[in-house]
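2 protein chains.
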Amino acid sequence: MADGERPVIALLTAPDEGPPPGLEQLEDRAEVRHTTTREELTDAIADAQILLVTDFRTRFVRDAWPHARKLQWVHATSAGVDALIFPEMARSSIPLTNARGIFDRAIAETVLGMVLLFAKDMRTTLTLQERREWRHRETERIQGKRALVVGAGSIGRQIARLLDGAGLWVDGVASRPRSDDADFGTVYGTADLHEQLPRADYVIIAAPLTDATRGLFDRSAFQAMDPGARLINIGRGPIVVTEELVAALHDGTIAGAALDVFEEEPLPPAHPLWDMPNVFLSHHMAGDFIGWREALIHQFIDNFERWSSGSSLRNVVDKQRGYVPPENPA
Amino acid sequence: MADGERPVIALLTAPDEGPPPGLEQLEDRAEVRHTTTREELTDAIADAQILLVTDFRTRFVRDAWPHARKLQWVHATSAGVDALIFPEMARSSIPLTNARGIFDRAIAETVLGMVLLFAKDMRTTLTLQERREWRHRETERIQGKRALVVGAGSIGRQIARLLDGAGLWVDGVASRPRSDDADFGTVYGTADLHEQLPRADYVIIAAPLTDATRGLFDRSAFQAMDPGARLINIGRGPIVVTEELVAALHDGTIAGAALDVFEEEPLPPAHPLWDMPNVFLSHHMAGDFIGWREALIHQFIDNFERWSSGSSLRNVVDKQRGYVPPENPA
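Read top to bottom, the protein sequences are chains Z and A. Residue numbers for the first sequence follow this note's numbering, so the first one is 1071 and each next one is one higher. Residue numbers for the second sequence follow this note's numbering, so the first one is 1071 and each next one is one higher.
Hints may contain errors.
The list cannot tell twin chains apart, which means a pair is met if one copy fits it or any two copies do.
Here are the computed lysine to any residue pairs in the SDA-like style, where the Cα-Cα straight-line distance is at most 20 Å [claimed, not checked]:
id	residue 1	residue 2
1	K1215	G1235
2	K1215	L1198
3	K1215	W1362
4	K1140	A1160
5	K1215	R1231
Simulated from the structure, these hints should not be mistaken for laboratory data.
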């Protein structure tokens, strides 16, 4: 790139999406090429120094990758970057950054809402309201209940803080076990997951999708859980073996599930999860608070300015581990 | 009562209710006469030293009152005691105690659940689930939102603690204004209610029903609230002028309401509140956690032992103010 020339940002969004709000602030400092198809991305990536991806489900980046000749940096406006860590990308020295931090608090609030929806039996209350039927019931307290948060990254940590503040006992499961964590009671190693599952009233998946987490919640995990326990997944769909979850919910192996992510998204209309009375389904939106798009671009521009001035980028993903490790500047 | 004789406890419950679980522990120490009608109570109260009332809506106590000749103590297994403070009772020197403390935490959890139900738009999510319809939406954060808790007694205080822990800013309204309260930002006087209402995203009624609070939430209060604000009532129904609330919800003066208590309970099937899309209705159960009946009797037995040994009772209601003031032993 010649001195004074504006760098090219190849922007890939979903087909129905415009450029994210706030990106126009870079007008004078970068040339943004908005693409929504494989062909458009292949063209744009050839000239781009920066690739900005807002569609976290895309496979187009892998297809266009061989055409990237000038690329210096890839940024994803999502916390999960599993779709972007294909082998060619993982081998390259081009840094990948993500939206670590933006969604944490909103996701934690959603998880707390899901816990209270179960404990206070609010779904039954809404059903009775439709029938205009008054029926006094006793409901559960959340104080003193046990939560096990699988994934102790920035999202899992916020969940732990919020649930702890609401009176639950919160332990974690992560690749690095530790007993001195400020936000968790104890963080157990992944190998101890099945040993810890029986103790939890709420099991919360807040892990990235990696080789270590894919299919982690299968029949044997559900069988290890307490029959009164609920599973909450705000991480990634494929961490759960969906058919085995449906079976476990159907036969009472576990008591309920609140799911924001799925193996296939959108969840197909014919899927059995939709009408299970002990399942609460939301639409991959747990972290998407009003203003999230602006916040994501604010974060990208902050990193753009670091890149422009030659400073080190924030939120650099460890491509082997699949997430931003705590030691990376954030 | 002759030495060694067992005192008589007149127990008044709702017609469909048995004696509360745990009361059989007093078998050797007291004679419990279970009554469910005006006539039964009138008979039993004539011999009773203690009156134990589990039906907080009753008018039978007032009717039977002239027959009480030996009565030394009245205990209500509810937090609200408005139905028991009739003029003859208020004038008498017989102490009235209540269930202060038992319901606090469970009610606070319910309020937090109601706040999250609104913020995360979970009702729409459930409606979409019924239709098997995937629709991504943006929802509100609760962090940084403002709550105004009307009533700074033990229930209001627990609500403040839990909402504060979840990241909201919480002020209070009470008869005694103060700025040094450990659980509230500022506690304003009741005279300042209308001045504070516009600042709140969530207005939570946690006050007892007294002359000062009856009808406090009328048209003018709703007009003072922010159009995006929600009203939560877990106190007593008649603190709200229901028709004026229905109008305010209907014309958008306020955004929503979550109600656990009503002027008439059970809420009649034909009432317009049932099918308002911005209303969440529960059935006077906000504090009724699994195990609450046992906890209530445990508390009564504790006071019974104090009464038997001549110690001062806990949770003595100030009959002029209509609640247990903080200075009473609790």
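To see whether the hints hold, each was checked on the structure:
In this assembly of identical chains, K1215 and G1235 lie within 20 Å of each other by CA distance both inside one copy and across copies; the values are 12 Å within and 17 Å between. Proximity of K1215 and L1198 under a CA criterion of 20 Å is satisfied in neither setting, with 27 Å inside one chain copy and 30 Å between copies. For a Cα distance limit of 20 Å, the shortest separation of K1215 from W1362 across copies, 17 Å, qualifies, whereas the shortest one inside one copy, 31 Å, does not. For the homomeric pair K1140 and A1160, the shortest alpha-carbon distance inside one copy (17 Å) is at most 20 Å, but the shortest distance between copies (85 Å) is not.
Both within a single protomer and between protomers do K1215 and R1231 lie at most 20 Å apart by alpha-carbon distance, with minima of 14 Å and 18 Å respectively.
Of the hints listed earlier, the one the structure fails to meet is number 2.
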